[in-house]
Amino acid sequence: MSDIATRRKWDRAARSFDLMTGIGPDKRWEPAKRALFGRMGQGEILFLAIGTGLDIPFFPPGRRILGIDISPKMIAAAAPRVAAYRGELRAQVMDVHDLDLPDRSIDQVFTSCTFCSVPRPVEGLRQLYRVLKPGGELHMFEHTGSRLFPFGLMLHAMTPISRRVGPDMNRVTTANVVRAGFQLDRVQPVFLDVVKTISAHRPQD
Amino acid sequence: MERRAYFIAGDLLANLSTGAVAGAASALLVGPGWPMWLAMPAGMLLGMLLASVLGVAVFFRYFGAMEVMLPTALTGMLAGMLAAMWATMAPLGLAPAALLGVLCGYAALGLVYALDWHLKRSAPEQGT
Ligand SMILES: C[S@@+](CC[C@H](N)C(=O)[O-])C[C@H]1O[C@@H](n2cnc3c(N)ncnc32)[C@H](O)[C@@H]1O
Numbered sequence: 000m001s002d003i004a005t006r007r008k009w010d011r012a013a014r015s016f017d018l019m020t021g022i023g024p025d026k027r028w029e030p031a032k033r034a035l036f037g038r039m040g041q042g043e044i045l046f047l048a049i050g051t052g053l054d055i056p057f058f059p060p061g062r063r064i065l066g067i068d069i070s071p072k073m074i075a076a077a078a079p080r081v082a083a084y085r086g087e088l089r090a091q092v093m094d095v096h097d098l099d100l101p102d103r104s105i106d107q108v109f110t111s112c113t114f115c116s117v118p119r120p121v122e123g124l125r126q127l128y129r130v131l132k133p134g135g136e137l138h139m140f141e142h143t144g145s146r147l148f149p150f151g152l153m154l155h156a157m158t159p160i161s162r163r164v165g166p167d168m169n170r171v172t173t174a175n176v177v178r179a180g181f182q183l184d185r186v187q188p189v190f191l192d193v194v195k196t197i198s199a200h201r202p203q204d
Numbered sequence: 000m001e002r003r004a005y006f007i008a009g010d011l012l013a014n015l016s017t018g019a020v021a022g023a024a025s026a027l028l029v030g031p032g033w034p035m036w037l038a039m040p041a042g043m044l045l046g047m048l049l050a051s052v053l054g055v056a057v058f059f060r061y062f063g064a065m066e067v068m069l070p071t072a073l074t075g076m077l078a079g080m081l082a083a084m085w086a087t088m089a090p091l092g093l094a095p096a097a098l099l100g101v102l103c104g105y106a107a108l109g110l111v112y113a114l115d116w117h118l119k120r121s122a123p124e125q126g127t
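Chain order of the listed sequences is A and D. Sequential numbering from 0 applies to the first sequence in numbering that gives the first Met the number 0. Sequential numbering from 0 applies to the second sequence in numbering that gives the first Met the number 0.
These aren't lab readings, by the way, just hints derived from the structure by calculation. Accuracy of the hints is not assured; some may be wrong.
[Said to hold, decoys possible] Listed next, with one range per pair, are the computed distances between beta-carbon atoms:
hint: 1; chain 1: A; residue 1: Glu122; chain 2: D; residue 2: His117; range: 31 to 37 Å
hint: 2; chain 1: D; residue 1: Gly109; chain 2: A; residue 2: His96; range: 38 to 44 Å
hint: 3; chain 1: D; residue 1: Tyr105; chain 2: A; residue 2: Arg33; range: 27 to 33 Å
hint: 4; chain 1: A; residue 1: Val177; chain 2: D; residue 2: Tyr105; range: 35 to 41 Å
hint: 5; chain 1: A; residue 1: Ala174; chain 2: D; residue 2: Met88; range: 41 to 47 Å
hint: 6; chain 1: A; residue 1: Ala82; chain 2: D; residue 2: Tyr112; range: 38 to 44 Å
hint: 7; chain 1: D; residue 1: Met88; chain 2: A; residue 2: Ile22; range: 40 to 46 Å
hint: 8; chain 1: D; residue 1: Met0; chain 2: A; residue 2: Asp97; range: 39 to 45 Å
[What the hints assert, rightly or not] Sample of chain D residues facing chain A (criterion: CB under 7 Å; computed from the structure):
hint: 9; residue: Met65
hint: 10; residue: Ala113
hint: 11; residue: Asp115
In this text, a Cβ means the ideal position worked out from N, Cα and C, and glycines have one as well.
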C-alpha cells in the first residue's frame, strides 16, 4: 500500500477514532500506558503516531516531546490535547518510513498501537534506530499476533478485513524490533500474549 | 488479570450477551435436517460474525479492544457451534439455545481470564 493510501486510511479513521477508542480501550490500557510513558526522561523524545492525542494525558509533565503522525487529520484532532500538555510538545505530520530528523538525535522513542498500522514495520523501525543516539531507548505499547490457539488463527483471519479500515492484527512486532537491529530489554504482557509493552535500545557503537 | 469492577462487568455483559445471541441465531439457522459437518462450521462462523458485529456496534468502545474482541469471538464460535450441533440432533428452542450461549460465554471468559493470569505468572517475557 502506498503511503498516500495509508494517510487517507487514517485520515478517514480520525473522524470516529475517539468514539471507538476513547472510552473502553483508552481507560483499559491507561495503567499500562502510564507505567510505560512514566519512563520518559529529560532528553529529546520522539513519540510516534500521536493519533488524536489520547495518550497525551498519560505523559509525565515537563518533558520535551516531538509527536508525529502520518495523518494530518489525526494531528488536527490532537491539537487541543497537544495544547493542554504541561511541557514542550510539538505535533508534526511525518511518515516513520521517511523521518525528517538527523541521525543520532533522539534519546528516547515511544510508540503506542503504532506498529500494527505502519505498512513496512521493519523499515520503520530501522528509521527509529537511525535517529536514536547509541544507547537510546525504544519503548512500545503494541498489540500483536498470538502464539495461542485459537487466538493466533482468529487474528490472522481478521487481518484482511481489519487492515482495510485500521490496523493489522497479526504483526510479529517483537521479532521485527530485533530484526531492525535493536537489543531487546523487556517484553511485558498486558493481555494474553497479544497486548504488550516492549522495551529495547540501540546498542552502543 | 483485570480487577476493575467496570471492566469485569463489561466483559461479563459482552460475553454473556454475545453467547445468547450467537446460540439463538444458530438454533434459528440450523434445523434437524442439517448434516453435522455443515452445521458445525456454519454455527461457528455465524457466532464469530455476530460477535464482531456486536463488538463493533456496542462493546469495544465501552469496554476495550483486544480484551473484549478475543473472548467474545471465542464465545460466539463456541455458542454458535454447540447450538448448531444440538439443533441437528433435536429441535432446539430459542430460550434454551440462548441459555447454552450464556454458559459458553461464562466458559470462554473464564478460560481467557485463567490463561491471562497463568501467562503473566509463568511467562512474563513473551515472544511475538
Ligand atoms: C491505531 S492508531 C494509534 C494512535 C494513538 N497512538 C493511540 O493509541 O491513540 C495508529 C496511528 O498510526 C499512524 N500511522 C500509521 N502509519 C504511519 C506511518 N507510516 N508513519 C507515522 N504514523 C503512522 C496513524 O495515522 C494512526 O494515528
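So, going through the hints one by one against the coordinates:
1. Distance hint check: the CB atoms of Glu122/A and His117/D are about 36 Å apart, consistent with the given range 31 to 37 Å.
2. Distance hint check for Gly109/D and His96/A: the Cβ-Cβ separation is about 43 Å, which falls inside the suggested range of 38 to 44 Å.
3. Roughly 31 Å separates the CB atoms of Tyr105/D and Arg33/A, a value that falls within the hinted 27 to 33 Å.
4. Hint check: Val177/A to Tyr105/D, Cβ distance near 39 Å, so the stated range 35 to 41 Å holds.
5. Between Ala174/A and Met88/D the beta carbons are some 45 Å apart, a value that agrees with the proposed interval 41 to 47 Å.
6. For the pair Ala82/A and Tyr112/D, the supplied restraint of 38 to 44 Å holds, since their beta-carbon distance comes to about 40 Å.
7. The hint said 40 to 46 Å for the Cβ distance between Met88/D and Ile22/A, and at roughly 43 Å that hint holds.
8. Separation of Met0/D from Asp97/A is about 41 Å and conforms to the stated range, judged on CB atoms against 39 to 45 Å.
9. The beta carbon of Met65/D comes within 5 Å of a beta carbon in chain A, closer than 7 Å, and the hint placing it at the interface holds.
10. Because the smallest distance between the Cβ of Ala113/D and any Cβ of chain A comes to about 11 Å, over 7 Å, the interface hint for this residue is violated.
11. The restraint placing Asp115/D at the interface with chain A holds, with a minimum CB-CB distance near 5 Å, inside the 7 Å limit.
Hint compliance for this structure: hint 10 is the single one not met.
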